[in-house]
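Just so you know, the sequences run in chain order A and B.
In terms of the working numbering, the first sequence opens at residue 194 and continues consecutively.
In terms of the working numbering, the second sequence opens at residue 194 and continues consecutively.
Note that these hints are calculated values from the structure, not bench results.
Errors might be hidden in some of the hints.
One copy or any two copies: either way a pair holds, since identical chains are not told apart in the list.
Claimed, not checked - Below, a list of computed lysine to any residue pairs in the SDA-like style, where the Cα atoms sit at most 25 Å apart: (1) K269 / G400; (2) K269 / L419; (3) K269 / E490; (4) K269 / G548; (5) K269 / T402.
There are 2 protein chains.
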Amino acid sequence: MSHPDPNDPGLLDATEVSLLSDLYELTMAASYHREGLDRPAVFELFVRHLPPHRSWLLAAGIGPALRLVSEMRFGKAELAYLREIGFEQDFLDYLADFRFSGEIAAMPEGSLCFAGEPLLRVTGPRIEAQLLETLLLNQVNFQTMVATKAARVVLAAGGGEPGHGDRVIDFSPRRDHGIDAAMKVARCAAIAGCAGTSNVAAAQRYGLTAMGTMAHSYVLSFRAELEAFRAFLRAFPDRGILLVDTYEIAQGVRTAIEAARETGAALRGIRIDSGDLESCARRARELLDEAGMTETEIIVSGDLEEVRIGELVASGARIDRFGVGTDLGTSRDSPVVNGVYKLVADADPDGEWRGVRKLSAEKETLPGPKQVFRRFSDGELAGDVVAAEGEATEGEPLLVPFMEGGEIVREETMEQMRARSGASLRSLPEHLRPPEPADSNYPVEISPRLRSSI
Amino acid sequence: MSHPDPNDPGLLDATEVSLLSDLYELTMAASYHREGLDRPAVFELFVRHLPPHRSWLLAAGIGPALRLVSEMRFGKAELAYLREIGFEQDFLDYLADFRFSGEIAAMPEGSLCFAGEPLLRVTGPRIEAQLLETLLLNQVNFQTMVATKAARVVLAAGGGEPGHGDRVIDFSPRRDHGIDAAMKVARCAAIAGCAGTSNVAAAQRYGLTAMGTMAHSYVLSFRAELEAFRAFLRAFPDRGILLVDTYEIAQGVRTAIEAARETGAALRGIRIDSGDLESCARRARELLDEAGMTETEIIVSGDLEEVRIGELVASGARIDRFGVGTDLGTSRDSPVVNGVYKLVADADPDGEWRGVRKLSAEKETLPGPKQVFRRFSDGELAGDVVAAEGEATEGEPLLVPFMEGGEIVREETMEQMRARSGASLRSLPEHLRPPEPADSNYPVEISPRLRSSI
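Please construct the entire structure, taking both the sequences and the accompanying hints into account.
So this is what it looks like as structure tokens:
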């Protein structure tokens, strides 16, 4: 008997994640097992349509998702629960020995991706491939959503352009959807080019730069702003960033300068979290420069996203860094990437691939395993072709092997993923850079062989 | 030295969750520690404004969040990392012995909550209370968002009304923001009144009903729809729910009837995932009734949310259950609950509370510990008063003790939380029931004593 606990904290270990699955994956798998239907099959993960307000996606989440796949096992507690809810012993015996043994190809993290393009392709025994569906979608959909949003914010802040460097910090943990989300948002933000994160656990786990300042409650905890600033600089003489808007902003900046002088600390930065950020930052810069603190950074925060950041940058505001929380972590203006995981081919008894397509109203699927080819012109995106796997096509193939025979064969460093994202963003033509027009379009063709198979 | 891994699956255990914190919580705490500033303080978690398209919130996430708080410890690896990024040994020694020793009061899960009302209040030594901020916001913000959305969907489906029962199933794991989100969405959906979830891990952990049907890929894996349906009913003769829209829907229903007759299975239900759900459900009901299968349920799915479900219910469509995924799990039309965690009082050296307020532009905070009182009229919500803690006020006090001296003193069963949600939703006056007018408003007053303290 399982012992449910309605207040359980909900943390799962690698084995428990095997049940992070829609029930139907398991019922379908049980039926396939019963019918002996376990020949190789191919599933592809893709979006049918781009989300509203998005003209491209930045693929993300593959690395951690494949680790979860490679560690996926059904332990005793999981098997006992499945027995309890009616699964038969034969199938439970199959699950007891489960481990994914197939192939996974994917667009590496930081790749640009468009509608209709598989961003991940699973080839393996049908039951195994079926059992990965929920976990892969759960991880790749939301991480691709977040990396895309982060990339838009980074672009707006001038990231990727020479001389601009990294200007965006992930401040999102308080608005992310739980613990796993907070970890992965920080990671996706880093892949997309952000400078660091306020999330200490993610900084530790992923080797990111932990960044932070102070809250208003800190300033309110002392009798005067000056006392608060002095105390903070005593504790952090080389990296104090002081929040100057608890009372009046210009006075807050003067007080920060005074506190730095008194304590002999280097004032690393000041943060402004309210008011008219442009004029406040301008005034703060004047005051800091007058005080000779030309190296002191100005950080702004408060419901920032790519449109507002773009306006601030265009205004010439003297802002060094943008702390972005809610909008980055939740992709508030477009909070869903609707990726699906569809059977596109299965092997007949002779081992020949048979393309599978679905005919439901408005939900057609192109049959057969696919590859995506991308052409560039003068370093800019020029057009993609979705082709049949193995079909000779001009351009760079985007899906590359990540797992073979159930083993991970490709893992990338953070530097590689960040470099790819940077190159991806630089390759965007002007009409695909935010704020892009609503009718911005990028040509994705279907290859002749694929078209003829419909 | 920490050993970061850019592809780590990101799973945290209870100890590792201690670093799921914005860096500034730790830097502020380190400074408080250095200054000996650790007298009791009160922090309150509340929203300043309701999110767009919401006229109330359903509080959720308290139970699991408080378990995480009660288990919060800094282990060796966490301390080593904090040392690495520059924290001093004195503070690390403090963290090594950390455990929360204070009080937490909260609105129990399933309570209705409005702007300006503390839904959770933490009283304890300042450093301890500060260190809970990120985790509490990370958990309570998104779970309250999801429970609110789920409650809206349940209301639209007629949940809570006599004779309607539970008609909504959580189908969201593939669109939820990661693993923790999927677990907590299923739990919040259950609290809000949903009938079950497709998420097997959440069903196991929280004692929910696991529900599922089949995917289009299952039907496409057989040479004919009839073969697929037969195979599924052979495996699940007492609980087969067949997806009938892979090819043509009316024919799919006929085929499902035929498969059930041939195999002698009870056809528990059919699912329709595309097309005009109202007319398709009507036709399906006719065909099933003609075949004598009056008990067979009709389940619909496909980008459903409260508006569409309300229309379907109003149309008199013969639908038994609604599978709701994306919109339930992401609260797509209003994907953020902007809860904040603010210092409202601290003890002076004599142990007297001193109200703390913040004056930043448009971000004022009312000083002092508070209580929320609610009045009813004929079972309907009649008005709330936010009062000073201890101020005699008419109505039912909503914040109740959950932790005392660091120990959890209140935990509720799923039945209690569901019952409270049901009562909450029944108490909503007509103008607060979705689809409510944009200017719907519920009176929340500030008590005389609290007003005089501003």
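- Is the C-alpha distance from K269 to G400 at most 25 Å within one copy, between copies, in both cases, or in neither? between (34 Å within a copy, 18 Å between copies)
- Up to 25 Å between alpha-carbons, please classify K269 paired with T402: within, between, both or neither. Between copies only: 20 Å across chains, 39 Å inside a chain, cut-off 25 Å.
- Query: What label fits K269 with L419 when the C-alpha limit is 25 Å: within, between, both, or neither?
  - Reply: Neither, since 59 Å and 35 Å both go past 25 Å.
- Query: How do K269 and E490 come out at 25 Å by Cα distance, when the copy is not named: within, between, both, or neither?
  - Reply: neither (54 Å within a copy, 34 Å between copies)
- Item | Up to 25 Å CA-CA - G548 versus K269, copy category | Neither way: K269 and G548 sit 37 Å apart in one copy and 53 Å across, limit 25 Å.
Violated hints, listed in ascending order, are 2, 3 and 4; each of the other numbered hints is respected by the structure.
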